[in-house]
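**Q** Sequence:
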Amino acid sequence: MRIAFIVFNIDGMGGTSRSAITQANALAAHQDVRIVSITRSGDAPSYPIDGRVTVDYLVDVRDKERPLAVPEGLATPTEAAALHRQESALVPDRWDRQFSALCDLAMEAVLPTLDVDVAVSVTPGLLVAAVELLPDRVVVVHQEHRSSAGRSSGLEPLLNHAPRADVVAMLTPSLAEWLQEQLGPLCPRTVVMPNPLPLGFHPRSALDNPLILTAGRLVPEKQFPLLVTAFAAIADRIPEWR
Numbered sequence: 001m002r003i004a005f006i007v008f009n010i011d012g013m014g015g016t017s018r019s020a021i022t023q024a025n026a027l028a029a030h031q032d033v034r035i036v037s038i039t040r041s042g043d044a045p046s047y048p049i050d051g052r053v054t055v056d057y058l059v060d061v062r063d064k065e066r067p068l069a070v071p072e073g074l075a076t077p078t079e080a081a082a083l084h085r086q087e088s089a090l091v092p093d094r095w096d097r098q099f100s101a102l103c104d105l106a107m108e109a110v111l112p113t114l115d116v117d118v119a120v121s122v123t124p125g126l127l128v129a130a131v132e133l134l135p136d137r138v139v140v141v142h143q144e145h146r147s148s149a150g151r152s153s154g155l156e157p158l159l160n161h162a163p164r165a166d167v168v169a170m171l172t173p174s175l176a177e178w179l180q181e182q183l184g185p186l187c188p189r190t191v192v193m194p195n196p197l198p199l200g201f202h203p204r205s206a207l208d209n210p211l212i213l214t215a216g217r218l219v220p221e222k223q224f225p226l227l228v229t230a231f232a233a234i235a236d237r238i239p240e241w242r
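Going letter by letter, the sequence shown gives residues 1 to 242 in the numbering used here.
If you are wondering where the hints come from, they were derived from the structure by calculation, not from laboratory data.
Heads up, a few of these hints could be off.
[Said to hold, decoys possible] Here are the computed distance ranges between Cβ atoms for each label pair: (1) P112 <-> R204: 39 to 49 Å; (2) E156 <-> Q31: 27 to 37 Å; (3) L155 <-> Q86: 23 to 33 Å; (4) M1 <-> P112: 15 to 25 Å; (5) P198 <-> V167: 17 to 27 Å; (6) Q86 <-> A232: 39 to 49 Å; (7) P112 <-> A233: 46 to 56 Å; (8) T113 <-> Q182: 15 to 25 Å; (9) P185 <-> Q223: 29 to 39 Å.
Built from N, CA and C at the ideal position, the CB exists for glycine as well.
All chains should be modelled from the sequences, with the hints used to inform the complete structure.
**A** This is the structure:
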């Protein structure tokens, strides 16, 4: 099977990129896997990628003043720089401010020619690009990696375009139920798939230190206040825990 993960930036250190890389690495032993990264911001990805996974970059932004579109020849460096300063028409700023008109140009050149059986989008903006630009024969699997209700860019791109996906994977049963309630009969097949861990050994807690630890950016979508509230609801029943 030919599978493509469509990621906005595979070079970043975000959890969404890491999840896509983890899945691609796990599948590479048995399938033909590639990662299509809309932008390239570094000389190498932050997380190791199996050598059997093909990585394609569409817009090289390592030099922010002179971004380059791939395939070469789509735009001159001057044209590319001007386009990269313009808002994307495919994924407007109100949905995702990362995209630009240069991203549109590159995606419109490459995604319709993508010769794969399954394409996996990992953000609502990428879902929009997938259902609009990929060939009809490609099965589109959308993975929702964040809490939809707390998304800073709003629910519009997900709710508008999820009905055109073949499958939508949510992180938790409650999120899957929420999507089904929102879309009703238009809802595609939904599955629940937590974020994966890389293959191999991982040490596990001995549970002898009653401490709950979390880490992340202090932004609303991470919902740290919700975690504190949830702990407060049970703290009296587990006084030894901090």
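**Q** Indicate, hint by hint, whether the structure satisfies it.
**A** Hint by hint, here is what the structure shows:
1. P112 <-> R204: 39 to 49 Å: holds (45 Å)
2. E156 <-> Q31: 27 to 37 Å: Holds: the Cβ-Cβ distance is about 33 Å, inside 27 to 37 Å.
3. L155 <-> Q86: 23 to 33 Å: 25 Å Cβ-Cβ, so the 23 to 33 Å window holds.
4. M1 <-> P112: 15 to 25 Å: Since M1 and P112 have Cβ atoms about 20 Å apart, the given range 15 to 25 Å holds.
5. P198 <-> V167: 17 to 27 Å: Holds, at about 23 Å.
6. Q86 <-> A232: 39 to 49 Å: holds (47 Å)
7. P112 <-> A233: 46 to 56 Å: Cβ of P112 to Cβ of A233: about 50 Å, so the range 46 to 56 Å holds.
8. T113 <-> Q182: 15 to 25 Å: Hint violated: Cβ distance 33 Å, outside 15 to 25 Å.
9. P185 <-> Q223: 29 to 39 Å: holds (30 Å)
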